[in-house]
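Visitor: Sequence order for the protein chains is Y and F.
Residue numbers for the first sequence follow the numbering used here, so the first one is 1 and each next one is one higher.
Residue numbers for the second sequence follow the numbering used here, so the first one is 1 and each next one is one higher.
Treat the hints as calculated values from the structure; they're not laboratory data.
Model, not experiment: these values are computed from the prediction.
Don't be surprised by glycine CBs; every beta carbon is placed ideally from N, CA and C.
Possibly wrong hints are sitting among the right ones.
To be verified - Chain F regions said to be covered by chain Y (calculated; three or more residues, Cβ under 8 Å):
1) 56-63
2) 162-168
To be verified - Result set (DSBU-like, lysine-lysine): computed pairs, CA atoms no more than 30 Å apart in a straight line:
3) Lys264/F x Lys70/F
4) Lys126/Y x Lys233/F
5) Lys185/F x Lys67/Y
6) Lys217/F x Lys126/Y
7) Lys88/F x Lys37/Y
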Amino acid sequence: MKKNKLFQYFLLFPVIIYSFLLILIPLIYVLFLSFCKNDSYGGMIYEFTLSNYLTIFDFTYMMILLKSALIALIATLICAFISYPFSIFLMDKSERTRSFLIKLVMIPFLTNSLIRTYGWIVLLRKNGVINSALIGTGIISKPLSLMYNNLGIIIGMVYTLLPFMILPIYSAVSKMDYSLVEAAKDLGASKWKVFKEVILPSTISGLFNGSLMVFIPAIGYFFISDILGGGKVMIIGNLIKNQFLTARNWPFGSAISIFLILITFLLVKLYKKIGGKMDDLGGF
Amino acid sequence: MKKIIILILGIFLFTGCTNNQYKGVVNVLNWSSYIPDDVISDFEKEYNIKVHYGTYSSNEELLAKISSSKEGTYDLIFPSDYMIELMKQRELLEPFQKEKLNNLNNINIRFLKQPYDSNNEYSVPFLLATTTIAVNKDSIKDNITSYQDLLNEKYQNNIVLIDDQRIIIGAALQGLGYDINDTNKEHLEEAYNFLMKLKKNVKAFDSDSPKTFLITKEVDIGLIWNAESILAKEENDNIEIIYPEDGYVLSMDNYAIVKGSKNKENAYLLIDYLLRDDICERIIKEYPYISTNKHVGNLSDEEVSVILKNGSYIKNIGEHISDYDKLWARIK
Chain Y
1 MKKNKLFQYF LLFPVIIYSF LLILIPLIYV LFLSFCKNDS YGGMIYEFTL SNYLTIFDFT
61 YMMILLKSAL IALIATLICA FISYPFSIFL MDKSERTRSF LIKLVMIPFL TNSLIRTYGW
121 IVLLRKNGVI NSALIGTGII SKPLSLMYNN LGIIIGMVYT LLPFMILPIY SAVSKMDYSL
181 VEAAKDLGAS KWKVFKEVIL PSTISGLFNG SLMVFIPAIG YFFISDILGG GKVMIIGNLI
241 KNQFLTARNW PFGSAISIFL ILITFLLVKL YKKIGGKMDD LGGF
Chain F
1 MKKIIILILG IFLFTGCTNN QYKGVVNVLN WSSYIPDDVI SDFEKEYNIK VHYGTYSSNE
61 ELLAKISSSK EGTYDLIFPS DYMIELMKQR ELLEPFQKEK LNNLNNINIR FLKQPYDSNN
121 EYSVPFLLAT TTIAVNKDSI KDNITSYQDL LNEKYQNNIV LIDDQRIIIG AALQGLGYDI
181 NDTNKEHLEE AYNFLMKLKK NVKAFDSDSP KTFLITKEVD IGLIWNAESI LAKEENDNIE
241 IIYPEDGYVL SMDNYAIVKG SKNKENAYLL IDYLLRDDIC ERIIKEYPYI STNKHVGNLS
301 DEEVSVILKN GSYIKNIGEH ISDYDKLWAR IK
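Same shape as in the complex, but just chain Y:
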């Protein structure tokens, strides 16, 4: 028995080393940096300062935070609107159909998200597939601006992050007792009422879980705003990237990162408060 336990630890060893070296230590380093001063050549002066955190509350940076949050919020809402009907549609389907359709949701994961984002350019640009098709069939006469604006960013975010919303909502919906839905229907509830009174309350943790998993990356996915937004809109992710690459202000970049982590913690706290379980955040 004891030997067995030792063997378990032995197997866990790589994971422990991994999280220690590649997650914990860098995080501590980032936290440490965020309190340092910057020497403008990209070097650090190891003196304690809070000024990096105070700079975040500057109007310019607050606006960026607000803009990122707004874009992320819209993307999250759209994801939720797509995921619920899909999950409810799957409720009374056979096991085979369900697993087949869920696999279809997962398949895009097999390709790098950067490459998939580039793929959208071909579809969305001025003389891309969508515009050519619409003009060809005479539906529109002038090409639509589908990308290099906020719309492009939101399309990209929704597309990339949709599975993170579908999976938790689907898992919550499929766990719920279908007889409740049938009972509500038998008692004469409209479809909207069934959703509002029965499905939504019992799957709210899935919704919140999915929202966290969509909202948080959406604030930071700078490559989507770079590629599909044409680099015209700066979200928090771009701001952090710039601090490390062009502005050479690592301490400020670290401070924004820590600030983002704090926001994440806050959201998770909120999630627990409204009754979500931590287990649901980890695995589905």
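Assemble chain F onto chain Y, guided by the hints.
Guide: Coordinates of chain F only, in the frame set by chain Y:
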């Protein structure tokens, strides 16, 4: 089963150690698309020296790599003008031994003795990049000569800009008649207003491949690197390449030897090889920047002097970079 896995791992482990047929190595860090791969592999064959080739995509990344790695990790690097100055100050470079090069005379002397290294003590120029305005004459008939011209309301959503704060804010400063490295707060505020006007005409900021926007006719005007303009022109002959009359960015990339280099001799052999006329020709063909080789390219000496005279180098502006960064965040 376990034995098989160990065997396979073992094979992987040992395949890494077969560099023995080379008589030496040289560790190079270069910009990601500057020298064609076959030029490097031809050098390996000709000189029997293995080139360990790493890449970076900004001077800051290069600085981070050099200052965070052990002395002797890298031999040859290609920093731009202001980075040479900074690395010199930080004592990251070896004095350059020009006497070890046989082909140094191939360099047009007009490119030597640039302000960032006025006696070429630490560097020798390799390629010159400049910003240019590229205009698709198929759809734009106006005569564009300056940055002010780009503010015309007709060009709404029709311009692509390099996604670089120093270059774009610098262009706005030059458009207003100020120095490209100006740090005066009022001048920067004027530049902000200039750029907010310009932004209405901007379709996208892109540093990776802005030429694509011109080639696919997504936009008709681009403020982009000269090589990008030339490559766009190769696709569409009606693209006109303009050096803005109010000035533009010069960016000179240089050969430099890293302090503590262990393979200096091989590094000089590689530089000498890269200075050869035929090699410069091959590099320029693929990446059409301005070669410093006087036998390559079709610019006359006068044209080179004019380009160098009217352009400006981006300089290190110290802590003022945070003003630029904030301005950039406000614009976006």
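Visitor: Against the earlier hints, flag every one the structure doesn't satisfy and list their numbers going up.
Guide: As far as the earlier hints go, not one is violated by this structure.
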